[in-house]
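Given these sequences and hints, build the entire structure.
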Amino acid sequence: MTLIAILAIPLLGALLCWFRPLRKHASSVTMLCSWAVFALVLDVAARVIARGKVVGIPGWFEADGLSALVLLLVSFVCALACVFARGYMRHEHDDGRLSWFYANYNLFAFAMLAVPCLAGPNLTWVAVELVTLFGALLVGFDNTASSLEAAWKFAVLTIMGAPIALFGFFALFWAYHSATGGASETWDGLRLMAGSMNPAVLRFSFLLVFVGFGAKSGLVPMHTWLPDAHSQAPTPVCAVLSGVKTTVPLYVILRFLGVVLASPTARVGNWMIVLGLVSVGIAAFLLVQVRDYKRMFAFSTVEHMGIILTAAGMASQAADFGAVSQILNHAITKSLCFYVAGVILLILSTREIGSVRGLLRISPFAGSALLFCSLAIAGAPPFPIFLSELSILSAGVEGGHKVVVAILATLIVIAFVAILSHVNRMLLGKPETPVLAYALPASCRFTVWAAAVPVLVLGVYIPAPVHSLLQLAAHQLGGR
Amino acid sequence: MIESIGYNVVQVLFVMAFAPLYAGVLSRLKEMVQSKRGPSILQPYRDIWKLFHKDEVLSDQTTWIFRVTPYLAFVMPLFVTILIPVLTDYPLVFAFMGDMLAGGFFLGVAGFFAALAAVDTGNPYGPMGASRTRMVGFLAEPVFMIVFFTVSFVSQSTIPYIVQQKWVVNAGAFFSPAHVLLLIAFLMLILAEGGRIPVDNPSGHFELAMIDESKGLEFSGRGAALMKWGGEMKFLVLTCIFLNVLVAPWGLAHGHTVADVLVAVPQILFKIFVFSLVLIVVETSLAKLRLFRISEFLGAAFIISVAAMVTSIFPGG
Amino acid sequence: MPSSIPDALNTLCGGLILISAFAMVAVRQVQGVTRFFVAQSVLLATSCFLLAYSQHSMDLFALGLITIGAKVVTIPWVLRRLLPSEFYERREINQVINIPTSLLLSLLLAIFAEFLVSPMVNAAHNPVISLNLPIGLACLLIGAHSLMARREAIPQLIGILAMENGTFFAGIAIAPQLPIIAELAIAVDVALIAVVVGLLTRNIQETLGTTEAASLDELKEEVAE
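Protein chains in written order, with numbering that gives the first Met the number 0: chain F, 0 to 479; chain G, 0 to 316; chain A, 0 to 224.
Since the hints were derived computationally from the structure, they do not count as laboratory data.
Predicted model only: the values in this text are computed from it and were never measured.
Glycine is no exception: its CB is placed at the ideal position from the N, C-alpha and C atoms.
No false leads were mixed into what you were given.
Selected chain A positions facing chain F (Cβ under 7 Å, derived; list incomplete):
no. : residue
1   : M119
2   : L139
3   : I159
4   : G170
5   : I173
6   : V195
7   : V196
8   : I203
What follows is the structure, given as structure tokens:
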């Protein structure tokens with residue numbers, strides 16, 4: 000029942016935001032809904048940890064370790080982002096547009112929450128498409144030339160993935176149906192039957208889904224929409240897009256990977272490693288020459304998606320654990336990065352790295368937050384991303400992927416240096432032009448603090464429930 | 000044996016007799032669609048008759064090529080006629096002398112000499128038309144080849160009679176994508192080779208825009224008549240290949256009696272009439288392409304023919 | 000080789016669908032692209048009905064109706080309502096790659112599609128699958144290609160929808176037993192895609208005064224001067 004409530008609440012929220020008398024309070028309504036969802040998801044996660052699985056309607060809505068992890072991340076980031084939006088969107092728009100924004104935001108959250116809850120692959124496809132559509136509307140919300148351009152690129156490139164992935168799901172259904180002769184199709188059923196499905200069809204369908212949804216999660220060469228969308232969308236949307244929207248299609252790919260790995264003959268791991276490395280490599284070199292700090296964080300998302308993919312392709316237990324913890328750490332850290340970027344944008348109203356100097360003097364709060372989050376996202380030692388990257392690399396060495404590990408480590412170092420040299424430029428030095436004092440909205444300040452807490456905590460200590468959730472998820476990923 | 004030779008002669012006579020009529024019907028229909036009255040459908044006969052009774056003027060600058068060309072242009076389509084099913088659906092005596100490729104060669108010889116003759120005259124428009132025809136020819140050649148390959152993949156033969164049997168017997172093959180694509184590619188070829196509208200305007204009189212017609216400008220009297228008649232026969236032969244071999248292999252004589260063959264004549268004529276209606280629709284709904292767009296048109300034909308080949312090679316086609 | 004008449008007619012639809020995919024690449028006018036898309040959708044629906052008849056499947060029949068409703072009626076109508084008519088009179092003179100090259104590339108894609116599915120088709124021993132799967136995949140790839148080669152917004156959208164047509168053409172053969180609820184959800188989703196992208200196009204037109212997606216090139220990684 001909780002699963003259905005999780006999906007119903009954002010829908011209700013979207014309706015309420017449209018409801019005329021409540022339009023003024025759209026922001027509060029959204030916050031209320033998001034936090035209620037977050038609370039319910041915590042409950043679901045607790046039950047998943049205890050029992051391994053939560054069933055809403057058998058065969059329709061089910062949640063296991065991997066889906067509970069994604070649910071947790073989506074609801075957490077969405078809940079914080081709408082707090083941030085309250086302060087960020089305050090002066091920009093009139094009530095009508097704002098309520099439209101929040102209604103859309105709720106629908107966006109609904110679609111993202113639906114993806115991990117659904118048990119059947121075909122409806123998962125529908126949910127992923129809805130994510131894309133509402134995402135496109137949110138990216139183009141500002142209605143300026145450049146935001147519409149970003150929305151257009153986002154829409155065309157990611158929607159193009161839709162029919163390709165649908166083709167893959169049809170092929171998957173074909174393989175499943177001819178193996179079972181008519182059982183209804185769920186991820187669990189697929190995994191059980193993987194051994195008796197035609198491996199050629201299975202590989203073919205995985206290839207299509209991988210290409211189709213890879214475009215949606217920003218993998219090279221379909222990554223070009225990502226920096227544009229992230230630099231142009233309203234900042235709270237960026238946090239959601241980068242932190243979890245890219246993770247959601249990746250979740251489907253990883254789910255499917257679990258099915259393919261359960262089949263003894265269909266081998267796909269090497270594709271994943273190669274494409275993952277290509278993504279990391281391209282992103283690392285683009286990071287060197289980037290000139291806009293929101294785009295910088297966007298490219299870092301491409302990099303992290305590549306790392307997760309590479310880890311999943313290694314297909315060992317340790318690497319799977321590394322991959323799921325990378326998903327977790329990336330989501331919480333990257334959303335923090337975008338909150339900080341939003342704060343800087345509010346203070347300085349420029350996105351160019353070149354025109355930001357001496358941020359530490361202009362605003363010690365924003366400056367230190369930027370230092371903190373960029374160290375965290377680049378993977379400096381005390382932070383969680385460092386831990387998960389380290390565990391991926393060591394899993395690779397254990398699994399005998401020495402060359403892969405060498406390349407991956409080199410690229411991660413390049414990205415690290417690139418991010419920190421840009422940030423260094425922004426933080427230090429003297430401000431070139433005097434900047435007007437800007438009163439930062441309390442909600443923005445609160446969001447940054449609140450988002451920093453898990454980043455700080457997970458770096459030094461992984462609580463037992465989180466650890467067991469990660470292990471459950473890694474287990475799901477491995478197809479074992 | 001004797002009867003087989005006889006039917007072959009009947010086929011040749013059929014093509015000779017009805018080629019001008021076909022041209023006349025086409026031009027009349029086209030004028031009617033354009034709300035004009037148009038010439039009588041017998042006008043091509045009258046033209047040929049008139050030209051035969053005029054004196055022939057031969058420039059003393061020309062060589063034997065110019066003199067030989069009209070005869071070649073007249074004879075080559077007739078050679079093709081004895082290779083293809085025009086009236087009967089069983090192979091006649093010369094049927095195995097050459098396949099569709101041989102037919103292409105015969106028509107190619109005629110085209111080659113026509114081009115040489117056009118250059119031979121020294122008339123400025125002739126070489127221009129010749130080079131343009133060659134351009135269309137170069138672009139059309141690969142399509143022809145691919146069409147033949149596809150046909151041979153499907154029916155294991157390029158002898159027109161055997162190919163024709165393939166489509167009649169097997170309805171599944173008739174509707175297969177390979178066949179449909181082949182038809183469209185071949186129709187585009189006929190339009191190009193016959194100098195019909197998206198490629199060339201047969202009724203145009205503006206020398207600079209001509210492709211096919213300008214090659215024959217210097218011919219007069221008997222030469223002009225033979226060129227004209229040969230061109231009309233070439234188009235009829237192409238139509239016959241298209242209709243009797245590829246599209247609608249029905250209505251051909253099946254029996255071996257003279258009556259059977261004679262009954263086939265009106266049936267074939269009816270088929271050709273229906274095809275000319277289709278042709279008119281195509282021609283009036285399209286505009287003539289600029290010269291450099293012709294490569295696109297034939298490129299599209301090429302693509303379609305290769306697609307046909309691909310779908311026929313791989314399983315399921 | 001297919002034996003029954005519906006299957007034979009289905010193969011005919013398959014050939015025509017492939018041709019319409021090529022035609023959508025070759026046509027310059029926005030209007031023409033739209034027309035070929037509608038024609039392709041009609042063919043797809045016909046194919047649905049034929050397979051529904053030969054396999055006695057209500058689901059496929061419903062899918063055919065949905066296709067007609069969504070792609071033949073609703074989407075063109077919505078796009079017409081949403082966008083001013085000058086959209087449709089536009090011509091693309093400059094495409095990213097010229098049309099013959101574009102056609103050649105689509106041909107290569109079609110060959111690639113045949114090549115990719117041939118092992119699966121050989122294993123299936125089903126004439127409908129062996130026809131629909133390669134053609135569907137070819138349409139998918141050609142649609143993706145035309146999406147990249149086009150510069151106008153509407154043809155790009157139509158490219159996406161043509162990709163969807165290819166997917167469905169393969170889908171009705173390989174997954175005819177797909178639950179009707181999934182089919183419905185997918186169809187609604189397709190319609191939504193069209194509406195949302197149409198809305199975006201209108202906003203772009205209103206803000207920028209053009210629908211040439213190629214003019215959207217403000218955002219890119221600048222090279223340091």
